[in-house]
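A.B. asks: Each chain, written out:
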Amino acid sequence: MSFRGALKARTRNPATCSEGVAGFRVRRFAPSRNDRRISNLIFGALGLVSLALAWEFGHRVFGPFVLPSPVETVSCLVDLITSGQAGPALAVTGANALAGWLVGAALGVALGIAAGVVAPLGAALRPVVTVTLGVPPIAWVVLALLWFGPRGLAPAFTVLVTVVPIVFSAALQGILARDPKLSEMARVYGAPPLLRLRMLVLPQLLDPLLPALATALAFAWKVGVMAEVLGGGTGIGGKIATARAHLDLAETMAWILLVVALLLVCDGLLLAPIRRFLGARRPAAVATG
Amino acid sequence: MLRFENVTLRYGDGPVLAGFDLAIAPGELVVLLGPSGCGKTSLLRLACGLARASHGRIANTFARTAVVFQEPRLLPWWSALDNAAFGLAANGVRTAERRARAAALLGRFGFSATDLHKRPPALSGGMQGRVAIARALMVAPDLVLMDEPFAALDVGLRRDLQDVVRAAVTETGLAALFVTHDVTEAVRLADRLVVLSPRPARVVHDERTSPVDAPSKIHLAAAALLDRPAVRDALLAATAQV
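If you read the sequences in order, they're chains A and B.
If you read the first sequence in the numbering used here, its first letter stands for residue 109, the second for the next number, and so on.
If you read the second sequence in the numbering used here, its first letter stands for residue 2, the second for the next number, and so on.
For reference, chain A alone in the conformation it holds in the complex:
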């Protein structure tokens, strides 16, 4: 039985739960998955509420020129959305981040697999990737602005350059960490290369690759917005830069809130399913050993 299965079986056992005050069940040992989800939600909401309270407190102490109030910020955000400014900016930033992420991920996966399969290529690429990883994203922004001009491709390129090494390393690790015993089995049964790729290599690649893709996507938004702030333009970053120039703190905060909301939506829609998928696969991965 998997660890999670054991956990579940234990919590289902009535002997481990006792009746508490007013008929509420008191959890003595491991909480069930549903209980855990609810308590996670409650405590998560509590965390957000305290953050908002701290924000309000800061506003009262330092005044609106340092920190606009949460209410003012939210109403400004609502204005931005209803006046039709938020939509186009969101679309531009989204296109930059997603395009850079998609192309970067494709490049990273292809290079990572190639480097894992062809050993000399791997030896040649690894230091290159280490160097690339060592260059701070802000330096790439500057270079990209010089190469591509302030509008256009600079944000997408910066995202791409940030994403490639992350995905490359994960893909390479996935290829190198293949179970040699399964490879031997496939060899003995004469499996052709395409079948091996589909049935052995790709499934083993997913474990390290999916989290890396998720991390890279989160980076894509941040780096993309950063490039836009420096380069101007019509994306959210450009709007933040303009609001900053006008010393309009409420609008700056409103745009920041929008970016954060974007990250949360992207996390919920894309990354959470990936985490669940990997969680479901985990016991499978253990059983290979």
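For the record, the hints were derived by calculation from the structure and aren't laboratory data.
Beta carbons are placed, not taken as given, at the ideal position from N, Cα and C, and that holds for glycine.
Where hints are given, some of them may not hold.
From the derived model, a few chain A residues whose C-beta atoms are all more than 10 Å from chain B [unchecked claim]:
1) Leu149
2) Ala153
3) Ala160
4) Gly171
5) Val186
6) Ile189
7) Ala207
8) Ile246
9) Ala247
10) Leu305
11) Pro311
12) Ala326
13) Thr350
14) Leu378
15) Ala380
16) Ile382
Quick partial rundown of chain A residues pointing at chain B, CB under 7 Å, derived from the structure [as the list claims (entries may be wrong)]:
17) Val179
18) Tyr297
19) Pro301
20) Leu302
21) Asp315
22) Ala349
Starting from the known structure of chain A, fit chain B onto it as the hints suggest.
C.D. replies: Showing chain B alone in chain A's frame:
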């Protein structure tokens, strides 16, 4: 025929095999019995091409060789059905046909319709072992190489799977080279018993027998085998060293 001719195999720490000779004829279940670490697994790896001999020649004229490894070596992401059909997939058999054939064989091995779609982690050790054997038998081999496939199982499961193997050999007339260090398993299965010495392995005893099935007789047969000085020296001396 599978023939080892004067085969020498060296790893870093000295020879595993030195001038080794053995031939396996069609239709016989040959049990290789030897102490742990004597080079039994190396023999199988040579036979299926996973290792190369330093010297000598290995000739395999069997049309199709299948291997059952010490561990099931199933693909954890795919169902029991797809795992059993892996060899067929490797041979380009279409999905629907290979699944139908694998389902039929696994059904004979006691798999229910829902079991067929379980992935290996959801299967018990014995069922994983059955899938591994099914995967080997699916490709209609005329030689099966088996490397202590039941070593990790408890006695009851081991008996079941031994019966499965024995029945497959008797029914289809395939040849099998079965490696084990368990004397009772050897006498229960073997048409021919080959006992190897500690490393470097050489044949110290080679006898044609018939499988002993009655529980009361297995231990007598095992004791009779161990009573031979050459066998006792090979199997028990090595145990004493460990």
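A.B. asks: Which numbered hints turn out to be false for this structure?
C.D. replies: As far as the earlier hints go, 11, 17, 19, 20, 21 and 22 are violated by this structure, in ascending order.
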